[in-house]
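A.B. asks: One line per chain: the protein sequences are A and B, in this order. Residues 1 to 517 (the working numbering) make up the first sequence, in order. Residues 1 to 517 (the working numbering) make up the second sequence, in order.
The set of hints was computed from the structure by calculation and includes no laboratory data. Do not rely on the hints blindly, as some may be mistaken.
In this list, chains with the same sequence are indistinguishable; a pair is considered to hold if it fits within one copy or across any two.
[To be verified] With a straight-line Cα cutoff of 16 Å, these simulated EDC-like cross-link-like pairs (lysine to aspartate or glutamate) come out:
#1 K423 with E496
#2 K142 with E178
#3 K142 with E14
#4 K144 with D97
#5 K188 with D347
#6 K423 with D347
#7 K31 with D205
#8 K31 with E496
#9 K2 with E493
#10 K34 with D205
2 protein chains.
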Amino acid sequence: MKNILGREVPDFIEGYGSVKHYEGAFARAGKPSKRAEVRIPKGAAPGGRKLCENLGEALDKLPLRDGMTVSFHHHLRNGDFVTNMVMEEIGKRGYKDIHVAASGLFACHGPLVPLIEDGTITQISVSTFGAGPVPQAISAGKLKKPVILRSHGGRPRAIENGEMHIDIAFIASPSCDEMGNINGSQGKSACGCLSYSYADAEFADYVVAVTDTLVPYPNTPVEISQNLVDYVAVVDAIGDPAGIASGATKVTEDPAKLAVAETAAELLDRAGYIRQGMSFQTGAGGISLAVAAGIRKRMLRDGISGSFGSGGIHGYFTRMLEEGLLRALWDVQCFDLEAIEHLARHDPRHLIMSGSLYGNPENKGCVVNNLDIMILGGFEVDTDFNLNVITGSNGVIMSASGGNEDCAAGSKISLVVSSLMKKGGRCIIREKVTTITTPGDTVDGIVTDKGIAINPRRADLVEKLKDSGLPIVDIHELLRMGDELGAVKDHPEFGERIVGVVEYRDGTVIDVVHQVL
Amino acid sequence: MKNILGREVPDFIEGYGSVKHYEGAFARAGKPSKRAEVRIPKGAAPGGRKLCENLGEALDKLPLRDGMTVSFHHHLRNGDFVTNMVMEEIGKRGYKDIHVAASGLFACHGPLVPLIEDGTITQISVSTFGAGPVPQAISAGKLKKPVILRSHGGRPRAIENGEMHIDIAFIASPSCDEMGNINGSQGKSACGCLSYSYADAEFADYVVAVTDTLVPYPNTPVEISQNLVDYVAVVDAIGDPAGIASGATKVTEDPAKLAVAETAAELLDRAGYIRQGMSFQTGAGGISLAVAAGIRKRMLRDGISGSFGSGGIHGYFTRMLEEGLLRALWDVQCFDLEAIEHLARHDPRHLIMSGSLYGNPENKGCVVNNLDIMILGGFEVDTDFNLNVITGSNGVIMSASGGNEDCAAGSKISLVVSSLMKKGGRCIIREKVTTITTPGDTVDGIVTDKGIAINPRRADLVEKLKDSGLPIVDIHELLRMGDELGAVKDHPEFGERIVGVVEYRDGTVIDVVHQVL
């Protein structure tokens, strides 16, 4: 059937199951829900030993089986060794049909592809992807079941309410003691906080801390505590620091991009969003940080002090905290070394939040609901303001929602900020996007170098900006400009087979991804 | 029937239900268990408001009903206003048959007695009691159902596994923002951490933060986060600072008590427990602190640095941390102003732990299992080393287990340290204790001014100490000495009616308390 956004989504998807169809961004908000029962297969007794000298010893103790779900977090980003290490060992032991429930997978996870090909891994769930061999293999139809794409809030929602049961969670642990008290901000593979793994640690049957830095008991501080952890496996290295964090995230130096960012900041100011107690979130991209720079400039000019910066934290935010422009940071992952180092200094204003606290729409109030301004990234925007952050225009999976749809839904204003024409000559505006990730109902506008389009749903915003002098145009006009500029149009050939199921943050299916032939 | 400790405990107790009989301190250790499903009656949507101008407004919004279970924490100790305030309002509204599931009740909770008498409150569960009107009323048979006495680890166990379902948790919140991010270390009623309330916040259907200090969003740091909180009710004062914490806990100055403490420290040293990486817990009583002083002296003498101090944290522990004698503190409640102030300084070595992390025997490893030395308090010890920390020798309920039985079970050595003759001329050693709280299987010895008795179960300890020159005697000898010194014997007259059910930390019933006629 066609869902309310006009996307063709069947009622049943092989390898996924029955579909709950998307019914609107807030159709399920405020409804009763639950957190699922948690099994504790084995309690502890005084004198119990959790420490395993290597990963193999831990795996020997675990009830491995075909068809199990094992989970991983992605705070080591493109430097993660743990997912490959564990899956290769499980593959060697001959287990099949494994569901890899990772919060994210990156280019470094190429070694999973042979395991997909040989049937060790037949299912994957993620909330973020770095472009690379795994999503390419999925788009090519190599994975037996469709990948399930959830947001950063949707993943803990599914774990916590029991929709996605984890048999064994493997937690890459930058520092850990022998009882399983873990933190991410210390050790040779320090990555900052471990927020996305908190739901895994709490709801999995078994939890294994995989660490390269065993510290004396008790580890301080503690992010994941010993009462949740079954085993501690010591390995040589859990990650490659070079891949974990870029040294520093930097504001773009491209004058065209700087101009777009400046326009976005001006829009936010004119519309009244740069005000006392304001909060905001940007990605770590150069253009997003340039918007942050524009916001900062206006805050300094007008003597404004904000409330919080949230999401992936970077040096730009920690510096604004130190300048007194922000009262606090809500950190769900550290994007750069500056953020990691700041977290390791234990400033109480640098708050760690779980993925559930960040964006789970089913709990009693996630942080995105308190967000004023959200700067969104994305590959394509359609004329209904629906946003695609999953597939490239060639149809191949390149990324996943991350916090995009959570923040778009929660924030008071969400803007896509981008050059109109992207690399390769494609226009960001499309009549229809290849895949819908973030519904247009939650996207308030797009700011480009060729003009600004405001979602007509936001009549209040249109009214506020009508005399601003800002170059506001209809979104169809932006599409037309793209055509005039000779926008490249892709015509990917899709097969019948569904290789990806895009869950909206509330667990309904908003779209599907087909195999690229 | 008589249980394995020889206590008469029926299979069914009116107002409590079917009894699981105590079968040994570790009979259930390492068994599978679960954390119960949690209901979220109402999720949140962006723009949702939690703030209530007063308690009445919050109560208006809650589905109050006869027979509900409401919970409270006791971190404000004898200065708590919230329990009385909420229960008086519930009483005024005419609700009956309420179960008050408080982590502790103190002398300040006298206003609950009229509510017990008029049937507003018909059931109470606690894990700590301060002697006073409420336990007196219970002992006199005024409460309709028997009070359930659990340990600090047993209470979160019962909440987490669903044995004790909480309908509404009222969290006294020394500081809170409008979304319900709570901490206990700031505000005019600062009390330190709020550990005992964490399970309530996580497992109750509804959670209400009751605060007298509303701070800008977001509160920093956060102990209980907004995703768990339904409403924030602002009141004038949640507590009386004078009752929350004593100004400073002090080592006893009584030479006799100092001598006992010194003997205990010498025993620990001779038996090899004062060693590199050691951990220990004491109460905040003058004699316990004197043992800590004796331990500290030996650590300094021998260049020993310890691992952690745990439990209720006091200035003696924070100073040992600052001296480098301890690497960390595991804090479950702050016993004095020094500890509260230290916690407010955000030293990452000062770790907060939940009650479950502290002592729940059903999780994957609580902190008491890592404890070396535990100094126990108590009213009576019998010749099988069973310990009573609940009833006075007159049969009246005076206190509750607190962490006593958790730490006795988890630690490598647990010692009662006391004068042989207590106030009023009673001997601490009795043939049979009035009530068993902590089974003798987990109590390793008692150190008194008239001699030391070691539990014969600890043959290793007896062997280690045989040439120590310490005054080690059979426990029956201590009993005899007491008799020689003219020990006062009480002969309380008990009724048939059971007014208290003493649950061991694993949820079995270890003893019952009868009405005092």
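A.B. asks: Evaluate each hint against the coordinates.
C.D. replies: Outcome of the hint check:
no.	hint	verdict
1	K423 with E496	neither (29 Å within a copy, 85 Å between copies)
2	K142 with E178	neither (39 Å within a copy, 49 Å between copies)
3	K142 with E14	within (15 Å within a copy, 63 Å between copies)
4	K144 with D97	within (9 Å within a copy, 57 Å between copies)
5	K188 with D347	neither (21 Å within a copy, 22 Å between copies)
6	K423 with D347	neither (40 Å within a copy, 48 Å between copies)
7	K31 with D205	between (27 Å within a copy, 14 Å between copies)
8	K31 with E496	neither (35 Å within a copy, 49 Å between copies)
9	K2 with E493	neither (20 Å within a copy, 78 Å between copies)
10	K34 with D205	between (18 Å within a copy, 10 Å between copies)
Hints 1, 2, 5, 6, 8 and 9 from the list above are not met by this structure, while the remaining hints are.
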